[in-house]
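Those sequence lines, one after another, are chains S and V.
At the far end of the first sequence sits residue 344, using our numbering, and the numbering has no gaps.
At the far end of the second sequence sits residue 345, using our numbering, and the numbering has no gaps.
Hints listed in this document are in silico derivations from the structure and should not be mistaken for laboratory results.
Check before you lean on any hint, since a few could be wrong.
Said to hold, decoys possible - Here are some chain S residues the structure puts well away from chain V; computed CB gaps all over 12 Å:
1) Leu-62
2) Asp-199
3) Gly-205
4) Asp-303
Said to hold, decoys possible - Simulated restraints on C-beta separations:
5) S:Asp-271 - V:Ala-103: 49 to 55 Å
6) S:Leu-62 - V:Met-142: 50 to 56 Å
7) S:Glu-163 - V:Gln-209: 37 to 43 Å
8) V:Pro-277 - S:Asp-256: 37 to 43 Å
9) S:Lys-167 - V:Gly-273: 23 to 29 Å
10) V:Asn-198 - S:Gly-277: 39 to 45 Å
11) V:Gly-166 - S:Gly-277: 27 to 33 Å
12) V:Ser-252 - S:Glu-53: 38 to 44 Å
13) S:Leu-62 - V:Pro-277: 54 to 60 Å
14) V:Asp-195 - S:Ser-49: 53 to 59 Å
15) V:Ser-252 - S:Leu-62: 41 to 47 Å
16) S:Thr-42 - V:Gly-273: 52 to 58 Å
Given the structure is predicted, the values throughout are model-derived calculations rather than measurements.
All residues carry an ideal CB built from backbone N, CA and C; glycine is no exception.
Residue strings, one per chain:
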Amino acid sequence: MSQPIRFGIMGCGYIAQRHLKHIIDHPGATAVGLYDTFNDAAQSLENEYQVPCYTSLDAFLGSDCDMVVICTPNGTHADLAIKAMKAGKHVLVEKPMATSVQDAQKMVDTAKELNRFLYVVKQNRYNPPVQAVKKIIDNNKLGELQLVSLNCYWNRNEAYYKNSDWKGTKKLDGGVLYTQFSHFIDILYYFFGDIDGVNGYIGNLGHHNLIEFEDTGSFNFKVKSGGVGNMSVSTCAFNQNMEGSITIIADNGTIKIGGKYLNTIDYQQTDGFDIKHLPQSSPANNYGFYQGSMSNHDKVIDNVVEALNGEAEIMTTADDGLQVVKMIDQFYKSAKWIS
Amino acid sequence: MEKIKFAVIGLGHIGRRHATIINEFPNAELVGLMDKNDEASKHELVPANIPFYTSLEQMIKETEPDVINICTPNGSHSDYALDCLQHKRHVVIEKPMGLSKAKAEEVIFKALQVSKQVFVVKQNRYSPPSKWLKEIVEDEMLGDIHMVQINCYWNRDDRYYKKGGWKGNLELDGGTLYTQFSHFIDIMYWVFGDITNIKANFADFNHQELTDFEDSGVVNFNFVNGGVGCINFSTAVWDTNMESSITVVGSKGSIKIGGQYMNEIEYCHVDGMEKPELPPTNPPNDYGPFKGSAANHHYVIENVVNTLNGKDTITANALEGLKVVEIIERIYETRDLAEIKKKK
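This is chain S alone, in the form it adopts within the complex:
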């Protein structure tokens, strides 16, 4: 194997630590620096993992790393990614890539112009049921799509928003479609491509005075390659996550990937291509008082190292990330606000 890839991490919150552990554990990777504007956050990671931390952006970007992982609040992703690429780094950015189409486009343009790799973390693509369904779609077994339905009923309570200085803000968080549900929209795009004809309603029904945007939305749309769709999301589910699922009705079969975060096959009725013997799904990211998506960050780091070494294709290109931001933008622009 070639020289280990030297990683730096920006933002030292919960997800950063997860990346850091996998980078340290990976034989083809090494962690060379951390950056956070809050000294405490960076310092505690430095103490635990003996990786130097920076509170100065210039110093961090001046350090010797090949790839920067961006784990800062959503609204800062674009600016930091562009600065990192301008400093000669490749970039792996946590989801969502950006909180506006314009920002995401700028990131893609910068990557192309400077010939940098720009990757987006979409770890749900690695979920075993997702991979299995992707395979039968690509093999044309399912036939034409008819109806696809995404349901995401999660719980994000007062403690979740009060414990964060950026979650719930329009500027840094962006909205539930960016922060909670972009994974699901990514899977929709991964399976079936782009959409149009979106109608929908969004509203803040249960998080008054806590967040600056919606907590619930329901949308219908057309899939450009054929079929109709619905997406219904909420962070109001009582007390715990209820469901995170995608139901696919197609010519030759019906499949529902469900569980709370696309981790199980809940239903299948197919013309002879039932999915069997799935590997065990990884557990969800556990944030103490709430649970996030399935944790596959080890596979993300694997893929990035292999891609940089020219040994594999990247799972999520920046173009895919941009498409997902465009879809989120379409959902928001088409939705009517209800109070």
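Here the structure of chain S is known, so what remains is to put chain V in place on it, guided by the hints.
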């Protein structure tokens, strides 16, 4: 209690079911049957030795029923109801009550004019999970209602839509929301009230040769009482029914009632309440390869007998029947059949 005299018109699958249940029901007497098609009376499941007619007028005149159960094709429900009311008979109308709000209004107007009752068949309201949902929402156990989602993913293919039958015909059938899914819209209206701001996408995937209308749709709306809602439906599901479900996200609890015909509680996480053990739901109407909604027609007949004896009130009254028709009509106003049925 007085014995109530029933007649049944339309002797298809559901008409035969009405006739059979009435025939065996205490305090009910099946006095007459009518179908425009003479052959209909010869089916083995039609109760024997009941006077059969091909003329409604003649049947009413000779058998003097108190109540007439209308089980004809959807498109003729309201016209038959008007005829029966004109003859001063109570009517039980199979769902849907009519295929337009205007027609349903005519029926209600006529019923008021002649002081006769209109019962609308909404047998799913009798299913234990539906009754449970109605109760917990009325008791505000779920708190504020934020999101209600209805999924109806069924299979109705060429085994169901037969050449020469009325199903699939726009004037007689009306569309999948009327024929297959009006029960679920009724449950939604019954529990959560009226809806507004309807937006939808419809499509036809594999019924180009079989029906005049959509086989799938995704519909979004708001509830007048607050909250967001959607109905996703399809009759294009491969080979077999997948589910009929309702999911509710409220400030104090989330629940999902699912199964093939909304027959079981799949998820129940509610503040201060355990998932209840409900009595089993009756099996669905069995149409050979097809399964319909829960078969609860004996409750319908019981309600008619008791109400006409002054011992109960109507489970689903004419105005509720009208509202469901009106909601479906408003959903269909956004449907462009020419576009949907365009050849792929």
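Verification of the hints:
Annotated as non-interface, Leu-62 of chain S keeps its C-beta farther than 12 Å from every C-beta of chain V; the closest such distance is 41 Å. With a cut of 12 Å on Cβ distances, Asp-199 of chain S stays outside the contact zone with chain V, its closest approach being about 15 Å. Its closest Cβ contact with chain V, about 6 Å, brings Gly-205 of chain S to no more than 12 Å, contrary to its assignment away from the interface. The claim that Asp-303 of chain S is not at the interface with chain V holds, since no C-beta of that chain comes within 12 Å of its own (minimum 31 Å).
Taken as a hint, the range 49 to 55 Å is violated for the pair Asp-271 of chain S and Ala-103 of chain V, whose Cβ atoms sit roughly 43 Å apart. Between Leu-62 of chain S and Met-142 of chain V, the C-beta spacing of about 52 Å keeps the proposed range 50 to 56 Å intact. The hint said 37 to 43 Å for the Cβ distance between Glu-163 of chain S and Gln-209 of chain V, and at roughly 52 Å that hint is violated. At about 39 Å, the CB distance of Pro-277 of chain V to Asp-256 of chain S agrees with the hint of 37 to 43 Å.
Distance hint check: the CB atoms of Lys-167 of chain S and Gly-273 of chain V are about 24 Å apart, consistent with the given range 23 to 29 Å. In this structure, Asn-198 of chain V and Gly-277 of chain S meet the distance hint of 39 to 45 Å, their C-beta atoms being roughly 43 Å apart. A C-beta distance of roughly 31 Å is found between Gly-166 of chain V and Gly-277 of chain S, which places it inside the suggested range of 27 to 33 Å. At roughly 39 Å, the beta-carbon separation of Ser-252 of chain V and Glu-53 of chain S lies within the given 38 to 44 Å, and the hint holds.
Against the hinted window of 54 to 60 Å, the Cβ-Cβ separation of Leu-62 of chain S and Pro-277 of chain V comes to about 57 Å, which satisfies the hint. Between Asp-195 of chain V and Ser-49 of chain S the C-beta distance comes to about 55 Å, which sits within the given range of 53 to 59 Å. In this structure the supplied range 41 to 47 Å holds for Ser-252 of chain V paired with Leu-62 of chain S, their Cβ-Cβ distance being about 42 Å. The supplied range of 52 to 58 Å is broken by Thr-42 of chain S and Gly-273 of chain V, whose beta-carbon atoms lie about 44 Å from each other.
Violated hints for the displayed structure, listed by number in ascending order: 3, 5, 7 and 16.
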